[in-house]
Structure formats: structure tokens, C-alpha cells
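*Asks:* Quick mapping for you: the protein sequence lines, in order, are chains H and F. Quick note, the first sequence lines up with residues 1 to 548 if you use the numbering used here. Quick note, the second sequence lines up with residues 1001 to 1274 if you use the numbering used here.
No wet-lab data here; the hints were simulated from the structure. Honestly, I wouldn't trust all of these hints.
[Claimed, not checked] Incomplete in silico selection of chain H near chain F, CB under 8 Å:
#, residue
1, M114
2, N327
3, G331
4, T334
5, D402
6, E417
A quick note: this is a predicted structure, and the numbers were derived from the prediction, not measured. All C-beta atoms in this analysis are idealised placements derived from N, C-alpha and C, irrespective of residue type, glycine included.
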Amino acid sequence: MKSRKSSLIVALILGISLLAACGSEQEAPAGDVPRQAEGEGQDMAPLGESAGNSVIVAMGPSSEPEAGFDPAYGWGAGEHVHEPLIQSTLTVTNPDLSIGYDLATDMQVSEDGMTWTVTIRDDVSFTDGEPLTAADVAFTYNTVKETSSVNDFTMLKEAVALDDTTVEFHMAQAYSIWPYTMAIVGIVPEHAYGPDYGEHPIGSGRYLMKQWDKGQQIILEANPDYYGEEIQMKQVTIVFMEEDAAFAAAKAGQVDLAYTAAAYSDQAVEGYELLSFETVDNRGFNLPTIPAGTKEDGTAIGNDFTADLQVRRAINLGLDRQEMLENVVNGYGTPAYSVCDKMPWYNPEAEVEYNPKEAEAILDQAGWKMGADGIREKDGLRAAFHLLYPASDSLRQALAADTQNQLGELGIEVTIEGVGWDTAYDRAQAEPLMWGWGAHSPMELYNIYHTLEDGLAGYSPYANESVDHYMDEALAASDLDTSYELWKKAQWDGSTGITQEGDIPWIWLVNIDHLYWAKENLKVAEQKLHPHGHGWSIVNNVDQWTWQ
Amino acid sequence: MRRMNGRQRTVLAFGAALLFLALITIAGQVFAKEAMATDFSRKNLAPCAAYPFGTDWMGRDMFVRTLTGLSMSIRIGLLAAGVSALLALFLGIVSATMGRAVDSIVTWSIDLVMGIPHILLLILISYACGKGFKGVVIGVSLTHWTSLARLIRGEVLQLKEAPYIKVAGRLGLSPWQIARKHMVPHLFPQFLVGLILLFPHAILHEASITFLGFGLSPEQPAIGVILSESMQYLAMGKWWLALFPGLLLVLTVVLFDVAGESLRKLLDPGSAHV
């Protein structure tokens, strides 16, 4: 009896100590939540009691600009575009995504599209008192061209200041959408720019950076000499937290506005309302349009199943985007039919009606006959593919899983697999991957659908001369309105393109609404459609937010 | 009813533990397909009769997912612990019989592997081997052999002085023949117990590295994946996602321990009185 008891006790102790040994590793991420909240409580004096003209906003940790507030290293002009706040830009994008002016007072482009002449205001100073001149503008653009590691400036040859208020951009190639680039590049002072500029930014924008505690928070203060509209929010504090910590912070009343995800949308937080903003933050997957093969470097490219145009058309018709929205984001989103829905360059011809019968008919006609196990076959080839998704993204995982279910009903076997970004780009050359896109610039169409030197588009193998041609023309157009029409034609010109009736090399599923918990008496100013990236876009116009 | 004696009870405990673990393993295999299935019409359900462990945000049945996850953990544990124990047996014997140079190399590598934190080495090896099933098995196998190797080396050093080994040497058997014919049978009980006691380690480490995102891909039903996903949903009050899988993991680990300890007592009754 004794031995049995002691054996049990030994077993229990062993088990517990084993757990304890490994538990310390397992619990680390969990422990983050209270620790972070505590830390913030200590470090931030005003937390939870915002005065009448200050606001505390919680964003995801990945929104913290790693390289600081330097436009050359992605601030505002990186993968996720937004207004740089600390710096001024030449142009701005209006709520309808047309172009307006910030520093610029006028812009002209030469007939051949190779020279842009921009005149700027003469009444603007940096926050250190020095006036902002065309020389600073030229310096900024020449600098980002030389050093930008995150954005492509190869279309620019050189920027030259003609006098104090006129700057000329000499282009390497015609680039009609240059105003959209000018809307995201913050102007830096030539006299105060150096390697540590990112950490000590000086600009002429609406806010100055007062304090940056890395990994925790950034405090912005209104620029007292700002030349534009009066700034309502005098102080903006941005805190960086994981989703669950941001939710906890909202529940505790510690932040005024916290980003959140659709998974939290069925929760309620007292004193807060759930704000939902429409976006072009889309999710979709690519379908390689060429048969399987290998590239020179040995990586696989192409896919025998998705190379069949009728298969791609059937997939596009056979996906119920509305159901997907309900399933995956609790209805917070809109169906997506292109990478640029609702943008001025969007061609509404891309829209399709969910029609599973038609999809099945297309597959039957194309020779994909239903096999005994419920999966179609054609000449011994199974109607099957791997659908990859980024392993860290549970929303894209759910979209992939729903796609798997819906296509399963059509007789297409989808296997989903989580992958890291280190291998995702290469594997997407041969297998569909669940992507997220959406930018305030038509250049995204070009990046996704236009061919590169090797004759195929970069992210997923596809080529169509006519599509290429329209986009080249669009870039060479002399004014934006003409270019919009050409971008639309690149999508569908009546006989060919990238839509359902065209080659349909990408399937677009949903635009994800960006959700926030906001204090009920906080009035968030009207938002333009948010681009991809659930981060700084929300504070694009934080200066016009008010408390009621 | 006649009371069972200690030995019978130990046999019973051993048998019950093994039976239960075998059941989990088999059930997990049977449900492997259901564990991957998503059904958004039943998402976020709290535990109920149809879904005793509830469902998650993609409507996956957490009961079958947990069973399959544990079954996968047990299979990874089996493979990794097996490889690890064989490695330990081989290195332990070689170290004690093949002379001083080999001995110092082996003890040096034992110290090396033991000197680096387990989980760190595991992550490194798993990542270098491309993560996934393969990465986890290789990672766990290559990090868990050290203490058993040390134990076996000690045993062999002792055995070498035993009269019957000395006699075998005088009779002209080579060290390798002696090791194979006379030492391995003697070491077998230690080896077996060591092997079974490696399981809980292997399983917990498999769970931790998958939890940290360096192991299996998130759509796989692995216990580490389940637990790390559940963290996100705790703040939303979905407690069942973490509780039941966690409890079952503890139970599995404890049962392996019970099995190992019982076996030790059966094979080496002297230790039962320590």
C-alpha cells in the first residue's frame, strides 16, 4: 500500500515538475498580457484619463515603425501606406481617393510625361524654425530614390529645385500616377537630416514627436505653427499591443480607441462602441496560369490544374463571398472582385454573381468529370490543389478553410497548409497562396498583373500582352483621368483582361473592414477607404477628431 | 474480495495506463479526418452533448481535434524517444568500452548538448530541418538522449569490472562481442524504463515547440497548436479551448510516467523500497 502511494506521489510530482519545467516556456506569451498592461499603467501618467484634447490609440505591435520616422525607411511610404503626420507631403489623397494638395499649390506635367513641375507654398516652416523650400523637397526625393529599401522609386531620375518654391521632377520613365507617390513621401529638412533622423524626426506636419518609448508607445504633440487647418487633438499617444491586450485595455478603459478583429465583434465593452470602416484591404488567392514546370534555379513554377482557364472561371463563380464574410469576419467586410474595389481606377465589370450551377457546368464542359470519391478528374489528373496561407494569420487560415469547404462542394479537392513568409513567395509560383493587398495607388495592379523581364508577372505566373500594353499606356498618360480609363481597360476592355470573362489569374474574396473599439464620446473624423494594413491609417486625420 | 498485492497492483496500473494511451492513439487515428474538418455553421460552441470539448472559431470539433492532437504527440514521442533511447544505448556502450578517446568525445558531446537550454536547441534543430513533422522528430530525438546515455555509460563502467565480463574478455571475445552478448541483455531493463520515461519529456517538448510556432503548421491538429490558438480566445471567454486539451495533455503525461515507474518496479523490485 505504502509503495503504491509513494509511486503515485512520485509520478504526480514528476509530472508536475515536468510541466513546470516546460510551462515556463509555454506561458511566456500568455504572461505578456498582464505584464504589458501593468507596464503601461506605470509608464503612462495620463492613461485612462484623457483630457479634452488628447487621445490614446492602441495599434498592433507590427505598426511600430522599426526604422523610425524616416520616409526613406518606410515611414508612410512603406508596405502599408498612410499619411506621415510628422512631415508634410506635396499632395494628399482625398476621401474619394482623388488627388488634393498639401504643400503643393500647382502641378504640371509635360506632354511626354517625363517632367513634373510642382510649385509649393512659401509660408511653411519646419518645427525647428527653418523655412521649407523647394531645395528640401528635391533633397527628400533624391534621398528616397537613393536609399529607399521598401518602396520603388526607379521611375524618378532626379529632382531639381528651380527656385525656392518650384521643384522639377525628371522622370526615368513616364509615370502618370506620380501624384499618388507624392501623397506618401514626407518632406524632410536638408539641414537636419542624418542617420539618426528616424529617431529624431523634424518635419513641418501636424504633429511633432515628443517621446518614443520603443516597444511601448509614441507620443505626438500638435505642431503650434502648423500652416493648415486648426489641430483639434493636441496630443496623440499611440500604444502598441497585441490584439488581446488591446481588448483588455479597452475593457479597463485605459485607451480611447483600440484596434480589434472580427473575432471580438460579438463582445461588448461598456462605454465603447465598435467602429467599422470599409477598406480595400482585400484577401484573395492567385492561380498560376501556366502548366507545372521548373525555373532555372530549380524552384517549381506553374500548376497543371489551375492552368486550365475554365477551372479558374469555375472557381471564381463557385465561391459564395457573402457566406464567407458571415463565416469568417461576422459580416464585417464587403465582397471583393478585384485588388482595387471602389478605387477610381476600378472596373466594375470585375463583379460576378455567385453561381455554383454555372460553375459545375463549366467544369463538366471542360472535361472535369466527377469521380467516384466526389473529386473531379480529367485525363487522370485530379481536380486538386494546395492552398497556402501565412501560418501566423488566423483570418487567412479561416478564409482558406472556407474556400476548401466551398470548392469541395464543386468537386475540387483543396488541401490547406500554413507556411512562413520565408518560403511563401517561392511556393506561390506553383501553388495558390492566400494574399492580402489593397493600396491607394493603381501601381498595385501593375505589380500583380504586369509581366517582368522573364515574361511572367512576379507574384504568380501570368502574362497577357494586351493587359501589359494598357498598363504601360496608363503610366504614360498625360493626365490622371485618362490613366484611370486605361487602368480600367487593363482589367477588362470588352474582349480580354483579368476578369471572369478574361484570364482570371487571381481570385478576390473579401475586403476586410477595419474594426476599432472607440469611447462613445470620441468623434472619429470621416475615414477614407483604408488600405491594406490595420495600422496608422486610422490616425490619418487624428487632428480633426473631437470629444463630445 | 481478496486484496491485491503490490506487484499485482503495479501490473494493473501499468496495464491500465498503456491501455488508455493506446486508446487515445487509436481514437486519434480514427478521427484524423474529422479533426481537420471545418464547419462554420457550428463555430464557437461551448461544450455540449454533441461537442463535449466545444468548437473553435472555424467550427472544428475540439474533442476529436484534441484526441488527434494527442495521438500525434504520442506518435512523435514514440518515434523521437525511440531514436533518442537507441542513440543513448549505442553511445553509452561505445563510450564505456571503446577506450578513453571515444569516451571523452561522447562525454564531451553529452555535456555540450546538456549545456545548451533544451528548448533553444530544439527550436534551432527543428527550424534548420524545415519545421513540420520531420523537424520536430529530429529536434526532439537529438536533444533527449543525453541523460540516458550518461546512465548507461555508468552502468557499463560498473559492468566492465564484473567477473563474468572479465572472464569473457580472457576467453578472447572482442569488446564489441562482449557488449552485444553480455552487456545489452543486462542493460535492457534500464533501457526500457529510460525509454518510457523519455516519452513525457518528448511529448511536452513537442507541444512547447509547436506552441511557439516552430513545429507543425497551424491547420494540423497538434496539442501545441491547439493551446497556442486558444490563448487568443481566452480574453473572449472561450475557456473550453484551453482547458480540456490542457487537462488531457497533463493526463497523458502523467500516465506515461505511471507506466514508466510501474515498469521500473516490476523489472527492478529492489527500487520499489527506496
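*Asks:* None of the hints should be skipped; say for each whether it holds.
*Replies:* Hint check:
no., hint, verdict
1, M114, "violated, 49 Å"
2, N327, "holds, 4 Å"
3, G331, "violated, 12 Å"
4, T334, "violated, 18 Å"
5, D402, "holds, 6 Å"
6, E417, "holds, 6 Å"
Hint violations for this structure: numbers 1, 3 and 4, all remaining hints satisfied.
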